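There are 2 protein chains.
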Amino acid sequence: MTAWVYNFGDGSAEGNAEMKTLLGGKGANLAEMCNIGLPVPPGFTITTEVCTAFYENDHAYPDDLHDQVAPALASIEIIANAEFGDPEKPLLLSVRSGGRASMPGMMDTVLNLGLNDETVEGLAKLSGDRRFALDSYRRFIQMYGDVVLGVDHYYFEDLLAEHKELKGYSLDTELAADDWQQIVDAYKNKVQEVLGFPFPQGVNDQMWGAISAVFGSWMNDRAQTYRRIHHIPASWGTAVNIQAMVFGNMGEDSATGVAFTRDPSTGERLLFGEYLINAQGEDVVAGIRTPQSLTKHAREMNGSALPSMEEAMPDVFGDLIAAYEKLESHYRDMQDLEFTVQKGKLWMLQTRAGKRTAKAALKIVVDMAAEGLITQEEAVMRVDPAALEQLLHPMLDPEAERKVIARGLPASPGAASGEVVFDAEDAAHAAANGRKVVLVRTETSPEDIQGMHAAVGIVTSRGGMTSHAAVVARGMGRPCVSGAGMLRIDTKMRTMTVAGTVISEGDVITLDGATGEVMLGEVVTIQPEVTGDFGILMGWADKARRMRVRTNAETPEESQVARDFGAEGIGLCRTEHMFFAPERIVAVREMILAQDTEGRRAALHKILPMQRQDFTDLFRIMSGLPVTIRLLDPPLHEFLPKTDADLKALADVTGIHPEAVRRRSILLEESNPMLGHRGCRLGISYPEIYEMQARAIFEAALAVKADGGEAPIPEIMIPLIATRREFDILKPKIVAVADTVFAERGDRVDYKVGTMIELPRAALRAGEIAESAEFFSFGTNDLTQTTYGISRDDAGAFLDDYLHNGIFEQDPFVSIDKEGVGELMQLAVERGRAAREDLKLGICGEHGGDPASVRFCDSLGLDYVSCSPYRVPVARLAAAQAALQSDGGTDGTA
Amino acid sequence: MTAWVYNFGDGSAEGNAEMKTLLGGKGANLAEMCNIGLPVPPGFTITTEVCTAFYENDHAYPDDLHDQVAPALASIEIIANAEFGDPEKPLLLSVRSGGRASMPGMMDTVLNLGLNDETVEGLAKLSGDRRFALDSYRRFIQMYGDVVLGVDHYYFEDLLAEHKELKGYSLDTELAADDWQQIVDAYKNKVQEVLGFPFPQGVNDQMWGAISAVFGSWMNDRAQTYRRIHHIPASWGTAVNIQAMVFGNMGEDSATGVAFTRDPSTGERLLFGEYLINAQGEDVVAGIRTPQSLTKHAREMNGSALPSMEEAMPDVFGDLIAAYEKLESHYRDMQDLEFTVQKGKLWMLQTRAGKRTAKAALKIVVDMAAEGLITQEEAVMRVDPAALEQLLHPMLDPEAERKVIARGLPASPGAASGEVVFDAEDAAHAAANGRKVVLVRTETSPEDIQGMHAAVGIVTSRGGMTSHAAVVARGMGRPCVSGAGMLRIDTKMRTMTVAGTVISEGDVITLDGATGEVMLGEVVTIQPEVTGDFGILMGWADKARRMRVRTNAETPEESQVARDFGAEGIGLCRTEHMFFAPERIVAVREMILAQDTEGRRAALHKILPMQRQDFTDLFRIMSGLPVTIRLLDPPLHEFLPKTDADLKALADVTGIHPEAVRRRSILLEESNPMLGHRGCRLGISYPEIYEMQARAIFEAALAVKADGGEAPIPEIMIPLIATRREFDILKPKIVAVADTVFAERGDRVDYKVGTMIELPRAALRAGEIAESAEFFSFGTNDLTQTTYGISRDDAGAFLDDYLHNGIFEQDPFVSIDKEGVGELMQLAVERGRAAREDLKLGICGEHGGDPASVRFCDSLGLDYVSCSPYRVPVARLAAAQAALQSDGGTDGTA
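Going down the list, the protein sequences come from chains A and B.
The opening position of the first sequence corresponds to residue 166 in this note's numbering, with each subsequent residue numbered one higher.
The opening position of the second sequence corresponds to residue 166 in this note's numbering, with each subsequent residue numbered one higher.
Everything labelled a hint here was simulated from the structure, so no lab data went into it.
Hints may be right or wrong, so weigh each one.
All copies of an identical chain are treated as equivalent in the list; a pair is satisfied when it fits inside any one copy or across any two copies.
[Claimed, not checked] Derived lysine to any residue pairs resembling SDA-like cross-links, with alpha carbons at most 25 angstroms apart:
| # | residue 1 | residue 2 |
| --- | --- | --- |
| 1 | K771 | S400 |
| 2 | K601 | K917 |
| 3 | K520 | G686 |
| 4 | K896 | E221 |
| 5 | K917 | P227 |
| 6 | K898 | E974 |
| 7 | K896 | N970 |
| 8 | K771 | E984 |
| 9 | K568 | E748 |
| 10 | K813 | E417 |
| 11 | K896 | H969 |
| 12 | K254 | N970 |
| 13 | K898 | I972 |
| 14 | K983 | I849 |
| 15 | K771 | A816 |
| 16 | K601 | I691 |
| 17 | K898 | T217 |
| 18 | K329 | E286 |
| 19 | K983 | E995 |
| 20 | K461 | D251 |
| 21 | K898 | E221 |
| 22 | K807 | P838 |
| 23 | K508 | I201 |
| 24 | K355 | R827 |
| 25 | K983 | E1011 |
| 26 | K898 | D386 |
| 27 | K353 | D1052 |
| 28 | K568 | V914 |
Keep in mind the model is a prediction, meaning the values are calculated, not measured.
Starting from the given sequences, assemble the full structure and let the hints guide the process.
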């Protein structure tokens, strides 16, 4: 018999922390907390397998599920000393989702379940607080009505607002028990009116309705969107956790809160969090009331008048500190806790590894390794390489003038400038059009996540550090300022006003998520200094990794940044990028327009000294390191003038008639330039171009050597090879140039001649190509385009459809398609190495900076990855994790 | 010790007919003729391995070659009873090339070698004919001077012409011995003048000079061009044949000629050929003198006044008939012979399988099978499938009016109309620009072959049925009229005049290569009746083949032609071709411009009945056969109006503003449409399009069934699948439409849903795709584009460079690239069949009609090939040959 239900409570549990796949994160950790003796309200978890079965069987449950739930419920009743539906001692339940990965706020929750017209009286009697009981009942009707029955929550909110207006109340606390009784009646009538049947009074109906609603919410739109963005497969499913209710709203000796065992923004070792006295948990996360600090220290830092938990409830705070210590040493990671204090007793409702900023993640693992809690290898494994990137991006220049207009909470670090938009859809739309926008909202909700993803930064006027906006923005690596209460946002007029200044949609603002400042206009950013924890962790990573990390760079500036970030050479220098400078493009155009080889040679002769200078600069920076230079790749028409003004300018300089240029342009036009006369095909047709480039490379290398610098190791890369014969025609031409230059200068440098592997045919024929080529560099951008038959420039038209329909789990241009492109890479590696044992293998597509792709490259045995300068540290860390994993390291997800 | 030299002569030989690879075709057959007792002048063959060594070792010979040539030469001297260089009994030699494959006229030949100032006197004495001896000497100086020494032949021709003018001669026969002596002196002076050294008198120098010239000619431009066109690898090399000279120009009892054992145009069983009395062999082939018929029958048919060989030399003719009988029964194939009669004795100089027209090839193999000379399988193997195509192309409508302006020899069958050009380069240029041209020349030479290949037909004013023009045109399958002497061609003025009519470059003429007629203007052509030998051979082929042959067709006309040619269904019906008819394109454009699904459905509703009618027509013609229908494939922008007039027309009909259409067009534009939003990607984005098409298909199939016809078997093909998930999303939609239509009509038909395999990723993931797809059809056009990363539309810019550099042995869009594309196909077949044993496999790219590709498809185990209607018989024959080969059949070249 399959066990669909796992009990926990009273110091023991059927599950444990290892069973996240089956019980979800929440369920597994509730069980674990029971096992280690922490106070957890008794409950049970319905497994994720039930979710899968539910969707496979047209929303029907396994036959024996009911039979397993009944005894589990009975076991709660025994521990809680209450009975479900009993008018005297009613057991109330919470029903919560909980998948393998955290999806904050995406799925449904029902609290206070088990209340009806009878049990509410029992609760009133038991608690001695009729107002509390009725408040709980109306909360239940509203939540259950909205989530399970589909009665829009605005109905309920309107009724409450009407009642308050009628009575002249402004705060909920002004409502007495009778008020709540009237609200309860009005709510029930509304349900009857909207649905045509009464609010369910049967507690078992209530429970099964809530269970189905939670399972059903797994497939709601916002959950699907969230999963798509976070690459969570739909097949994982969610578990359902049913627990005895505990109440943080039973008076001034009750409270509810969330806490992190270390500061999730900075990583500092201190209890960090927020709580609300006399409130239910949802009140904190929803950001409706501004919460209070947990510690006195934090309260003082915030300058808050409201007492901290440390001050208000010192005993319970002591219990919380003890729980925190126990959890961190048990889990060996920073924990994110949810707790409720019911009449002076602490109950733990959740623990999980806490989300954190990259900066905090770094500090936490480095500290924990220092504390002896984890090893250096574990520290390396723990940091998400992709998150590192946010550390490396520019921050606001401290010297720059800032016109600060508002201040909020530093909810997610980093800085960004962009046009203001007030709506998530506008944000998505503007971003799709290439505009940088800052999303400004009163508060965010799960419906907004696509817009948040599209924005460069997020500002909210309400909510705390653990509000939806803050949690989601940190996860996405977007800078965020939350709770900037002085902003008055008028979504209808599309303006926000602060101290008399009106900021309209489209105006540019800047936010600094590390300080909580919002500024008018754009503020200059600078490169952050990368030291301290970052340097320590990178050092550990470098000890662990096998693959080298190079960079894709053409300019001295990029190359210097990359070398500072630890790049061990250049993996891709796109020489055509050097052709577009104004003083060069004319010579390039002359070359293209030349009638014959002589004319082309004359024009190339003008380009040679400039190209040589480019290489000299790069070689100086990369002194002693390999520099892979790709010979001219794009089709020639890309260089020709497009506008009449450009045509005329060219005519003036060269004396070539604009009409002649136009005719030549038309002749060079291509239906599918991506598959056209480019790459080595240019080298075959016009060998003099590659010969000039080769000469520039060798002369530059010798110049650096002659200056006393350590000679670089040029790796000359021929693009777009599809056949060995192409390579065999071009390589000897390059070798001949080398021999000539070496003879002229009376000196030589080591060099290699190799090829991109960026066409399926090249991958298939890698064996014979490797007999001639000394290295391969996988050009996974083009290889993805040709393997999939998808032009990256045109994919936008259907990419969303493809992600939405689950055809792509991820954009294959972001993370390597292991099944298709990956198999070709594997074939190429096998065949290439079989033909040439010491064949040097690397990757220079955009994928070289994607951690999952880096891991794949490590598994293929590549020698190095190459990526853009800012992603070099990301790649170093990802390469280290890959090496540790393949050594049978600490993380089993390889 | 490697044997570099093989002797033959006097009834025996060291080589034989099987040794073509080593001895070349000519050398192997000379040896074979000796072995079977035919009279062959003694000689020896220097092997093709020497040619290879010559090019590998920088034009140096193997060390021991001289040592092997010396005894071989001595052995000729013994048999010929003459001595090389001897002033009294001089042995004269011919030095001829001879590769594995025939390359008529492409390489160099030297005759009369061994003559010098001394030996010419010996020859005069021996032959008793001083004039003959001096004529031979001047021929030798001219040929050797031109071929070996590089003295342009125009020098010699000018000297001869001057002398004739001086003496008032008009014919060569008017020159006496003294005249030739003066010519010889003048020639020698000219050589001295041009080269700065005298004409070589040493006979060994002469011989080695000639040998080197022949080997050197293997790499001359025209030989390389010929090899490229005929797919002959450069690595094969040529042999050199050195033989004792025999003279057809020793008087009226001497002659030279060429003969075919059957008529190479019709295949009729009769001795066919031409000869010249008192002439050397080159005179016949060069077409300088108009040759005489061999048989009395042929002379009478031609209405010639010159006596046939049968009449002029009855005894020798008898010997020739005997040789012909012996050769045909020995070689079991039609032979092409060269012979010389020296003073009444027949000498055989060459035999080889004769080139023939497709019509002749058919008749010959059908006749030979009937005669019991070969088996039916051998007959099937013997016919070149590609050549079949010329039989199937339109011929002139016998009813059409013909304005015949000239008549020549029916040198190569078929008919064609085109603009007149007078120069091979012009022909190539015009054809490259898509113009149809007829190449008109006085006579053609090997330099012209590229232009001949580019022309749709060839007309010459001089030369016979075995002239260069005739032989080459037949080989290429181009219609040709040769020797149309009434045409006066003025290449300078670019006109030709016939009976007062002046035809200028660019005027259109028509030629009929089956009758020898040349007509003014374009003449209507008709489809030839395909019966007789063709039908018989096709019957044998159909018995032998394993693969089915379908056709690529969209219209009823095409489908009917294809079915008449034996197509067994449709392998590719491109539905978008049905969208361009004027009354439909407006609805299609409405569909594209629709703002939403509703709008698209409304427009599709208008297209549905038209599309249904299309399918109904096709299904009637293909009743009972499978019909593969590809759902919409091209990107939508292909359907939008391009011109302002079209935009306005659309606006008038639909009320959509032209500006709106233009904006939508710009939105739909793609950088690389080949890799864009097309194929199943459209189906994912706009499922309603495929649903309409599926409905049209099922309704049409049921309509045909309801009419009492045999229901077709629709095979619905989803294009451009890259992932199984795409297929899994679209297939159920088609099945749902089928279920709906079947329910509506209360009837059903069998059908399949499958996919094109046209992307590398689809080939790699074929295993999982086959779990859902019921058939695969290889779309090798797109698969070649993506595997190679080459756009077929843009390849023209470098295709020539690629063929010229040997990167492509053949255009990969014409014949499947077995190494690259082929490996992907093989993977797809293996993985697909592993997942679904009864997976139906076919090919529908253009390659389906290419014999080499058909053979490859057979080796992969495909179930069928599909090709354009006219190529269906080609594919049937190619499939039969493939099956016979894979059964270990008669031809070992599989």
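key: Structure versus earlier hints, numbers of those that do not hold, lowest first   = Per hint list: 1, 2, 3, 5, 8, 9, 10, 12, 20, 24, 27 and 28 violated.
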